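Engineer: Just so you know, the sequences run in chain order A and B. Residue 257 in this note's numbering sits at position 257 of the first sequence; the count goes up by one each step and never skips. Residue 64 in this note's numbering sits at position 64 of the second sequence; the count goes up by one each step and never skips.
Do not rely on the hints blindly, as some may be mistaken.
One copy or any two copies: either way a pair holds, since identical chains are not told apart in the list.
[As the list claims (entries may be wrong)] Here are the computed lysine-lysine pairs in the DSS-like style, where the Cα-Cα straight-line distance is at most 27 angstroms: (1) Lys231 x Lys276; (2) Lys68 x Lys202; (3) Lys355 x Lys370; (4) Lys158 x Lys276; (5) Lys231 x Lys158; (6) Lys186 x Lys3; (7) Lys158 x Lys3; (8) Lys383 x Lys68; (9) Lys203 x Lys301.
Calculated directly from the structure, the hints in this document are not laboratory data. Computed from a predicted structure; not experimentally measured.
There are 2 protein chains.
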Amino acid sequence: MKKILLLGASGSIGRQTIDILQSRREDFSLLGFSVGNQDNLIVSLITSFPEVQSIFLLNKRRIPELSKQFPHINFFSGEDGIKRLIESLQVDLMINALVGFIGLEPTILALQQGIDVATANKEALVVGGKLINEIIASGKVHLYPIDSEHVAISKALKGNEQTAQRLILTASGGPFLHLSRTEMTKVTVQEALHHPSWKMGKKITIDSATLMNKGFEIIEAHYLFNFPVDKIDVLFHPESKIHSLVYFADGSYLADIGPSDMRIPIGYALYGGQRKVGLPHNDLTLDSFPTFHFEPLDDEKFPLVSIAKEAIRIGGSLPCVLNAANEVAVYAFLEEQIPFLGIEEVIKWALDNAKVIGEPSLEELIAVDKMTRTLVTNYIKGKY
Amino acid sequence: MKKILLLGASGSIGRQTIDILQSRREDFSLLGFSVGNQDNLIVSLITSFPEVQSIFLLNKRRIPELSKQFPHINFFSGEDGIKRLIESLQVDLMINALVGFIGLEPTILALQQGIDVATANKEALVVGGKLINEIIASGKVHLYPIDSEHVAISKALKGNEQTAQRLILTASGGPFLHLSRTEMTKVTVQEALHHPSWKMGKKITIDSATLMNKGFEIIEAHYLFNFPVDKIDVLFHPESKIHSLVYFADGSYLADIGPSDMRIPIGYALYGGQRKVGLPHNDLTLDSFPTFHFEPLDDEKFPLVSIAKEAIRIGGSLPCVLNAANEVAVYAFLEEQIPFLGIEEVIKWALDNAKVIGEPSLEELIAVDKMTRTLVTNYIKGKY
């Protein structure tokens, strides 16, 4: 019985994780979770998982009422609430399905406490990959990716690490794959939120449209698999059935193929990197294999991929600046404060104006994140 | 330094094997080989591989002349010539690139002598898979497939055997994938020899057009990977870039992808199931990934696949009858004695009229093969 803490229970990954936990009550107990917006989820989760001991709520208004109804449960909220949630529990695995920089501290905290982490939070690795890998190097804890791309690479690399030469992350290309740069200047929020193959949260859907998401995944792959970014490529594959590939010394590739169903990679991570029979998932049957299209990445059309690679080459605090600028810019775009290509422009501005700290500590990263957000917010106010 | 015996040096697989051996003189020595038709190859091979000790020639006329020129080399020919070739050498690996039933005895003989075998000869496993697996069960010798499909499955299965549920052999579909049965009645030998994606010998090219080849590969996969034939599927993929797939318990597939270049699977087999850097091969670059098409197998249009499965379900000497009838029918088609769909008709007739021996010995298989050839030849003479 694996004891689980789930951060981000109300998001897309969180709900699909719960789907699997519910189907495998014999393998997992859910000791705690955090919820952001949809706190109506709380009561149904407590009912489904009566073993729950601790809950974090973003919205603290409901805590008095819930504490009365469930006196045996600890409720947390506020700035250090997630930290206290983690410290209140003895779990085997924390699933980090938070979105954004706020995912960094919990990942580091959990790993430091000897808790394995399965992460759908990209930003933690983008910003703090070096710090995270230093903890993992101890050999006492594991970090499992949940992204379909990184699970695909894990599967293809397994047992074949010695002869792997390149990692190839597939990318649907998002809704604007075939637009010109000129056409991209005019796209609306609604158009950008219309992802062709995956149903995801808003932040990651915009990151997919700008290809920032793929840049982040390159950085994640770099840290997860110890591959230099120059050996990590992107291949457009609009059908999202090949989830990624590894290229080997003999000129062949291994590719992970499957339906566009995040429950498969989530299940793989929940079981510590093992395929399990009987978990809920959609089927890609031989009758339903669609035609697979491919296109090489066009760096001029989607410059954020090479910008992400460059940020890692320079390293230090620069990936933190990249992430903070992107977060601010994406939410500014979602609120129609800046145009679609403004996201890219804002990120470039932030990177051009950043001072790089060589080996930042967690505290320094938090400070860089905060400062970048202020600078970028002011820049947007001034320019747009 | 691995000591090699190559059977079928002048065929398509044989020549590509030599290509690799020549590029890796530091890893392999070629102690012997057999040649069929193109015996002008002999002198150039002896020059390239001065370590050669024994040679089999189909055509014995040249032996006196060659013996004079190369007195240190043993030359063999005639009915037991291949047997004597094998017995004359101490090698680590025999590459069986013979075509047809004649590949069976050498494979069994080599394995019995403790020599590992890499086989491109399908017919040995189709006819004698059970006998071969009994020798391999000793754990002292290995059989490595050379077929791109089976190498693909080996790569995808490696380390993942526990959760593999189905094997999926891809098939280009050959030149007649989109013809109707009526159109197939009229196809010519030249049309049948025009394979869309692979350049191969004549026998296997016709087997690809009838899909008998895929039926044989199902039988091979059944013996190589200990999978029941009901868990082995066929998927049409005309571009021949996905070389086969394995379907796993979690709803995902692993696929081996690469250029249509047999030197890659040959290299994998030569190194005992390992990917090697720097062997000669074509490249499938990210820029050159074509669009991948897929179609499910149409059993009514290509009945030989299910006929092959049925032959294995019944077992015993029936797969031997299937193979012998096919060999005779294919050569009769190549000589324009029967029409294209006559191949299928002749095979069905042979299977319908066969008496099944339950657990045939090698000698019994040789007798069944001989008798089937006579019966089928007479049947063709009488009917066509």
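Engineer: Would you mind marking each hint as holding or not holding in the structure?
Structural biologist: Against the structure, the hints:
1. For a Cα distance limit of 27 angstroms, the shortest separation of Lys231 from Lys276 across copies, 18 angstroms, qualifies, whereas the shortest one inside one copy, 31 angstroms, does not.
2. Proximity of Lys68 to Lys202 under the C-alpha cut-off of 27 angstroms is found in neither arrangement, the shortest distances being 34 angstroms within a copy and 81 angstroms between copies.
3. Taking the closest pair of Cα atoms, Lys355 and Lys370 come within 27 angstroms of each other only inside a single copy of the chain (14 angstroms); across copies the shortest separation is 83 angstroms, beyond that limit.
4. In this assembly of identical chains, the alpha carbons of Lys158 and Lys276 lie at most 27 angstroms apart whether taken from the same copy (16 angstroms) or from different copies (17 angstroms).
5. Taking the closest pair of Cα atoms, Lys231 and Lys158 come within 27 angstroms of each other both inside a single copy (18 angstroms) and across two copies (24 angstroms).
6. Taking the shortest Cα distances, Lys186 and Lys3 never come within 27 angstroms of each other, neither inside one copy (48 angstroms) nor across copies (67 angstroms).
7. Only within a single protomer do Lys158 and Lys3 lie at most 27 angstroms apart by alpha-carbon distance; the minimum there is 26 angstroms, versus 31 angstroms between protomers.
8. Proximity of Lys383 to Lys68 under the C-alpha cut-off of 27 angstroms is found in neither arrangement, the shortest distances being 50 angstroms within a copy and 91 angstroms between copies.
9. Taking identical chains as interchangeable, the C-alpha atoms of Lys203 and Lys301 lie at most 27 angstroms apart only when both belong to the same chain, with a minimum of 21 angstroms there against 49 angstroms between chains.
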